[in-house]
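> Going line by line, the protein sequences match chains A and B. According to my numbering, the residues represented by the first sequence are 1 to 262, in order. According to my numbering, the residues represented by the second sequence are 1 to 161, in order.
No lab work stands behind these hints: they were computed from the structure. Keep in mind that the hints are not guaranteed to be accurate.
Per the computed footprint, the stretches of chain B lying under chain A, defined by three or more beta-carbons under 8 Å from a beta-carbon of chain A, are [claimed, not checked]:
no.	segment
1	18-24
2	38-48
3	69-77
4	120-132
Since the model is a prediction, treat every value here as computed from it, not as a measurement. Built from N, CA and C at the ideal position, the CB exists for glycine as well.
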Amino acid sequence: MHNFEFVKPSTVADAVAVLANAEAQPFAGGQTLIPSMKARLNAPEILVSLTGIAEMNGVRRDGGALVVGATTTHAAVARDAASHFPALAALAGQIGDPAVRTRGTLGGSLANNDPSACYPAAVLGTGATIVTNAREIAADDYFQGMFTTALDEGEIITSVRFPIPEKAAYAKFLQPASRFALTGVFVAKYASGVRVAVTGASEGGVFRWAEAEAALSSGFDADSIGRLSHPSDGMIADLHGTAEYRAHLVRVMTQRAVRAAH
Amino acid sequence: MTKVNMTVNGRAVSAEAEGRTLLSSYLREGLGLTGTHVGCDTSQCGACVVLVDGQPVKSCTAFAADLEGAEVTTVEGMANPDGSLGVIQQAFQDYHGLQCGFCTPGMVMSTAALLAENPKPSEEEVRHYLEGNLCRCTGYQNIVRAVMAASGQDAGALAAE
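Turn these sequences into a full structure, and let the hints guide you.
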């Protein structure tokens with residue numbers, strides 16, 4: 001790996017000041033970034049660790065929402081969100097393996113926006129708000145395709161505000177070698193309607209399945225989407241599954257999430 | 001190069017580290033603690049797992065400089081103060097929970113993390129927790145048996161047999 005200058009500021013303001021340098025890159029746990037730096041796919045001159053910024057860490061209840069700091073680890077979300085928002089805690093507890101969950105963070109996952117990552121499904125499936133150092137971004141505007149987000153250069157996620165649903169669940173069809181989702185579906189039921197977000201399936205990254213949302217909003221029952229099928233256009237095809245296979249999993253995993261929702 | 005300070009196996013230590021120095025290099029090359037093994041160096045295999053502030057971490061996927069002040073436990077820290085094998089190490093020896101032994105340090109440290117969180121895990125919970133630790137000798141049966149024994153449970157009958 002190429003060498004770099006390592007800095008670890010203790011406030012968001014200090015981090016943002018260093019990140020104004022075009023050669024600087026944020027580090028939020030490194031469970032994807034370090035392997036990509038080893039492979040020389042990424043070679044920042046300055047690495048800015050966000051893990052020492054206390055104001056970006058932790059889980060807190062704010063009325064009907066759960067606010068999760070961007071550097072909160074998957075392990076901490078699995079533990080600390082459990083009593084407030086069990087579906088989110090369960091999702092966090094299924095990411096990677098225990099050692100990855102000790103270091104990997106919510107903000108890191110969202111900034112990377114891997115098309116098979118679990119967290120984007122929860123964020124889009126709840127219509128969460130991504131809070132950055134500069135502004136608030138609605139989930140519907142944030143995800144802009146594989147590894148692409150609405151974040152500007154030097155902008156960092158500081159927290160995510162999840163509206164807590166009446167019922168929700170995440171159903172993940174595990175790709176056991178990578179431990180990412182071959183296809184994963186987050187379903188959330190609110191008084192205003194049902195949201196369905198799918199990860200791992202589309203070449204465009206996480207997306208909402210509008211037909212299923214409409215059907216589930218009129219009747220929150222797995223049978224109400226039993227006749228729906230998702231088109232295979234634009235689905236990921238690789239040695240683990242064809243586009244048609246993933247399209248089929250979209251419906252199957254949506255039904256499983258609806259059955260599991262509580 | 002800057003000095004990075006940690007507490008490793010209960011001892012205050014200090015060693016030089018570049019920005020890119022991994023925790024695994026800091027332990028092995030900086031401190032001479034070669035019990036921590038680097039298997040794949042791509043975050044897949046778990047051979048390099050150590051405890052950082054009590055939690056399992058892949059030491060090949062963490063920068064030493066990010067862990068200034070951390071409390072680290074490596075496999076060397078799992079022995080009893082008199083140098084005899086600790087409970088988990090002894091169970092791995094008693095039940096032959098290793099073949100070539102390369103993955104063993106990571107297996108022992110992940111087991112320590114599991115038992116700290118869940119002192120009497122079921123066989124299924126053991127297998128689930130150790131998913132991030134690969135044994136390329138495929139010696140999993142005896143590894144699971146060793147973890148059951150280390151937790152004071154019956155290691156005789158595994159469901160997957």
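> Count the residues of the segment 120-132 of chain B with a beta-carbon closer than 8 Å to any beta-carbon of chain A: does the count reach three?
n = 3 at 8 Å, threshold three: holds.
> Can you confirm whether chain A covers the segment 18-24 of chain B, using C-beta to C-beta distances below 8 Å and requiring at least three such residues?
holds (count 4)
> Closer than 8 Å, Cβ to Cβ, for at least three residues: run that test on the segment 38-48 of chain B against chain A and report holds or violated.
Per the Cβ count (4), the hint holds.
> Between the segment 69-77 of chain B and chain A, are there enough contacts, at least three residues with CB-CB distance under 8 Å, for the coverage claim to hold?
It is violated, with 0 qualifying residues against the three required.
Hint check: a violation occurs at hint 3 only; the rest are consistent with the structure.
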